[in-house]
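With the hints as your guide, set chain B onto chain A.
Going line by line, the protein sequences match chains A and B. Under this note's numbering, the final residue of the first sequence carries the number 321; numbering is consecutive throughout. Under this note's numbering, the final residue of the second sequence carries the number 646; numbering is consecutive throughout.
Calculated directly from the structure, the hints in this document are not laboratory data. In this text the structure is predicted, and so the values were computed from the model without any measurement. Warning: the hint list may mix true and false statements.
Subject to a maximum C-alpha distance of 20 angstroms in a straight line, what follows is the list of computed EDC-like cross-link-like pairs (lysine to aspartate or glutamate) [unchecked claim]:
| no. | chain 1 | residue 1 | chain 2 | residue 2 |
| --- | --- | --- | --- | --- |
| 1 | A | K245 | A | E308 |
| 2 | A | K135 | A | D173 |
| 3 | B | K542 | A | E181 |
| 4 | B | K396 | B | E413 |
| 5 | B | K561 | A | D150 |
| 6 | A | K205 | A | E33 |
| 7 | A | K127 | A | D173 |
| 8 | A | K127 | A | D150 |
| 9 | A | K91 | A | E139 |
| 10 | A | K112 | B | D539 |
| 11 | A | K205 | A | E139 |
| 12 | A | K313 | A | D224 |
| 13 | B | K542 | A | D99 |
| 14 | A | K112 | B | E413 |
| 15 | A | K305 | A | E9 |
| 16 | A | K75 | A | E34 |
| 17 | B | K492 | B | E409 |
| 18 | B | K542 | A | E84 |
| 19 | B | K542 | A | D78 |
| 20 | A | K199 | A | E139 |
| 21 | B | K542 | A | E60 |
| 22 | A | K305 | A | E31 |
| 23 | A | K91 | A | E204 |
| 24 | A | K112 | A | E128 |
| 25 | B | K542 | A | E83 |
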Amino acid sequence: MARSLLEVERLGIEFNTRRGTLVAVDGISFEIEEGEVFGVVGESGAGKSLTGQAIIGLLEPPGRISSGRIYLNGKRIDQLPYEELRRIRGKKIGMIFQDPLTSLNPLYTIGKQLIETILTHLPLSHKEARQRALKLLTEVGIPAPDKRIDHYPHQFSGGMRQRVVIALALCADPSLVIADEPTTALDVSIQAQIIALLKRLCEEKGTAVMLITHDMGVIAEICDRVAVMYAGRLVEIGPVAQVVKFPQHPYSQGLMGSIPSLRRRVRRLTQIDGAMPRLNEIPPGCAFHPRCKHSFDRCHKERPKLVETSTTKVACWLYGN
Amino acid sequence: MIALIIRRLFQSFVVMLAVALVAFSLFRYVGDPVSQMVGQETSIADRERLREELGLNDPIIVQFSRFVLNSLQGKFGISFRLGRPVKELIAERLPATLELSLVAALFSLAVGIPMGVYTGLYPHRYLSKFFQAISLIGISLPTFLIGILLILIFGVILGWLPTFGRGEVVKLGWWSTGLLTVSGWKAIIMPAFTLGMFQLTLIMRLVRSEMMEVLRADFIKFARARGLSNRAINFGHALKNTLVPVITITGLQLGSIIAFAIITETVFQWPGMGLLFLQSIQFADIPVMSTYLILIAFFFVLINMIVDILYHIVDPRLRAEGAVV
Chain A
1 MARSLLEVER
11 LGIEFNTRRG
21 TLVAVDGISF
31 EIEEGEVFGV
41 VGESGAGKSL
51 TGQAIIGLLE
61 PPGRISSGRI
71 YLNGKRIDQL
81 PYEELRRIRG
91 KKIGMIFQDP
101 LTSLNPLYTI
111 GKQLIETILT
121 HLPLSHKEAR
131 QRALKLLTEV
141 GIPAPDKRID
151 HYPHQFSGGM
161 RQRVVIALAL
171 CADPSLVIAD
181 EPTTALDVSI
191 QAQIIALLKR
201 LCEEKGTAVM
211 LITHDMGVIA
221 EICDRVAVMY
231 AGRLVEIGPV
241 AQVVKFPQHP
251 YSQGLMGSIP
261 SLRRRVRRLT
271 QIDGAMPRLN
281 EIPPGCAFHP
291 RCKHSFDRCH
301 KERPKLVETS
311 TTKVACWLYG
321 N
Chain B
322 MIALIIRRLF
332 QSFVVMLAVA
342 LVAFSLFRYV
352 GDPVSQMVGQ
362 ETSIADRERL
372 REELGLNDPI
382 IVQFSRFVLN
392 SLQGKFGISF
402 RLGRPVKELI
412 AERLPATLEL
422 SLVAALFSLA
432 VGIPMGVYTG
442 LYPHRYLSKF
452 FQAISLIGIS
462 LPTFLIGILL
472 ILIFGVILGW
482 LPTFGRGEVV
492 KLGWWSTGLL
502 TVSGWKAIIM
512 PAFTLGMFQL
522 TLIMRLVRSE
532 MMEVLRADFI
542 KFARARGLSN
552 RAINFGHALK
562 NTLVPVITIT
572 GLQLGSIIAF
582 AIITETVFQW
592 PGMGLLFLQS
602 IQFADIPVMS
612 TYLILIAFFF
622 VLINMIVDIL
632 YHIVDPRLRA
642 EGAVV
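Chain A with its partners taken away, still in its complex shape (with noise of 0.2 angstroms):
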C-alpha cells in the first residue's frame, strides 16, 4: 500500500515530574498525505504543539515520547540518533513557531540566517545560496529584497518577520511544514495574509502542512483535513468541511459553536462549561464526559475509541459500539 508522507501511530509523550508521571499525548494517530494541508485544533494544553515538537525531535526534557512510532515517507525517524535527525530537520520537515518576534536572531542579518540555513542542507556556493535567499525573500513577499536582505530583524514589523521565518522554513524545500499557531502573535489583519501566503507557496511547492492552532476560522479556511484534540487524546478527525459543519463528538459541536458568526444572529456565543482538566487529574473512561451533556454510564467507565461514522472518524460512545 502506498504510504503517506507522515504517519503517527499511537504517539505518547509524558512528562516525568516530582509528582509521578503526567501523560501529555495519549495515544494518538495520524497521518499526513502529501501536499496535504492538515490541521490539529484544541484548547491551550490539549498537546498539540507537543506533537509537532515530538515530530522533529525537539521535544524538551523532561517530556519524552514514551510510546509509539513515527514515520516519515515510510521511515521510522522517532529513534533516530541526534545528528540524523538534525539532518530531517529543516530539509525534509521545516517548523514555524508562534511568535515571529523572538524566533529570529537578533543579531544577525536576514540574510545570513537565511544562507546558513540554506549552505546547513544544500550543496550551494555561498554565491548561489544567497540567490535563494533572495528568491525565497520575493516569494514570501518581502518589497526590495536585495536591499532588505541585509537588514537585522529588528527593523521588520511582525508580519513581516514571520514572512522571513516562513521562508526560512521553506528555504530548502521541506516536504512538511509544521506550523505552530504561526498567527496568534500577529495583528487580525496581518493574520489573513500570512494563512494565505502559507498556502499559496505550499500549494505551489507541493509542500503539505500540518497547522496547529486553536482558530477554527483559520481551519475552516484553509485546511484539506482537521483532528480535534482534547486532554492529549484525538476526539474526532476528517475533512475540514465534515468537522467544522457537522461535527459528531459533543466536543467539536462546542468547538464550532463557539464561532461566532455574522449570518445567524444568536443572543449568546455557546460556551462549553467547565475547563479542560490538569494532566494529573484526567477522568477516567471519557475524558471529556464530565463536562459533556450527553454523557452515560458507560463514558464513566470505558475509554472510547476511534470509530468510522459516515462523516468522520470520531472518539465517543454516541456512535457505534
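Just chain B now, with coordinates in the frame of chain A:
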C-alpha cells in the same frame, strides 16, 4: 557611530573635569602645601611670598584652570617623597601595571569564557560541577591568600617560579616590557593568575548563566528546528548573544584590575603603580596620589568608551541609524 563617539567624548571630558576637581582639592585640603615644602624656621613673610609665587593666593577658578592646563601637558608636579617629577615616576611604573593587568584580563577571558560555555551547555556533567566548585573557591578566597599560597608552593617549595619582581625587562622607547624575556614571563605567571582568578570566576559564572538563559530563547529553538549544527547554534547563535553583558563586566573589571592591582603588586613586590601608590599614601605624597587618581579615572573612562563602541558593533539594535522601516 561617529555621533556616538563625539557624544561619548564630550561626556568623558565632563567626567575627567570632575575627577580633576577632586584631585585638585587634594592639594588644597589635605594639609598645607607650603608647610610641606619649607622648613619649620621659615618666617611667615617668606611663606606668604612663596604662596604668592606659587599662585596659591589666586582665585580658586584660576588655580584650578592652571592645574587642568598643567595636567593636560603632563606636568603633574614633583613628588614630595622622592623629589622627582611625578610624570617620570608614573612612566616607569605604568608599563608594569598595564602588562600585569592585560595578561590577567586575557587569562581570565581565555579560560573563563570556555569554562562558562561548557558549564552552561552541560550543567549536569561532573566536569561542570567541578568547575562550579572551583569558581566558588576563586570568588571566596581573598587575593592575598591565593598569592601567598602560590608563592609558597611554586616559589618556595618547588622553586619553579620567582617569588617577586618582574624578571628581566627590555626597553622599547620609554616602555619597559617583561613580555619579551623568559624570566619576565615566568615572573608574570603567578601575579597574573592571582589577579585574574577573581575575574575568571566572575566571567565563567556570567557566561554560564547567560548561556543557559539564551539557550532557552525561541530563536535557539527555531535554529534547532532549521537543522543547524550544534556548533553553529552554541557558538554562532548562543554565545554571541551572551557577549553584551560579558563585554560590560569585562570592561568594568579591567578598570578594577588596573586600579586594584595594589594588593597583588604588594604581595609579589611587583614594581607597578599600585606599589607606588601605596607608598605615596604612607608619606602623604599628594602629587603622586592625585596623578594616580586622574590616571585611573582616565583608564575607566577610556575603557567605558571602548565598551560602548563594542556594544554597537555586537548588537545591531543599538545602531540608531537603522530605525524600523
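Notebook entry, point to check: Regarding the pair B:K492 and B:E409, is the alpha-carbon distance no greater than 20 angstroms?
Noted result: holds, 15 angstroms
Checklist line | 20 angstroms Cα cutoff - pair A:K205, A:E33 | finding: holds, 14 angstroms
Checklist line | Straight-line alpha-carbon gap A:K75 to A:E34, limit 20 angstroms | finding: At roughly 15 angstroms apart (the allowed maximum being 20 angstroms), A:E34 and A:K75 satisfy the hint.
Check: Holds or violated: are the alpha carbons of B:K542 and A:E84 at most 20 angstroms from each other?
Finding: Distance ~17 angstroms between B:K542 and A:E84 Cα, so the pair holds.
Next item on the list: Verify the proposed pairing of A:K199 with A:E139, using a straight-line Cα cut of 20 angstroms.
Entry: Roughly 12 angstroms separates the two Cα atoms, so the pair holds.
Checklist line | Pair hint outcome, A:K112 versus A:E128 [Cα-Cα no greater than 20 angstroms] | finding: holds, 13 angstroms
Checklist line | Restraint status (C-alpha distance of A:K205 to A:E139 at most 20 angstroms) | finding: holds, 11 angstroms
Next item on the list: Given the hint that B:K561 pairs with A:D150, test it: the Cα-Cα distance must not exceed 20 angstroms.
Entry: holds, 18 angstroms
Margin query: Against the 20 angstroms threshold, does the CA-CA distance of A:K91 and A:E139 hold or violate the hint?
Written below: holds, 18 angstroms
Note to self: Against the 20 angstroms threshold, does the CA-CA distance of B:K542 and A:D78 hold or violate the hint?
What the structure shows: holds, 18 angstroms
Item checked: 20 angstroms limit on alpha-carbon distance, applied to hinted pair A:K112 and B:E413 -> Judged against 20 angstroms, a Cα distance of about 49 angstroms means the pair is violated.
Item checked: Pairwise hint evaluation, A:E60 against B:K542, where the allowed Cα distance is 20 angstroms at most -> holds, 10 angstroms
Going through the hint list in order, the structure does not satisfy hint 14, though it satisfies all others.
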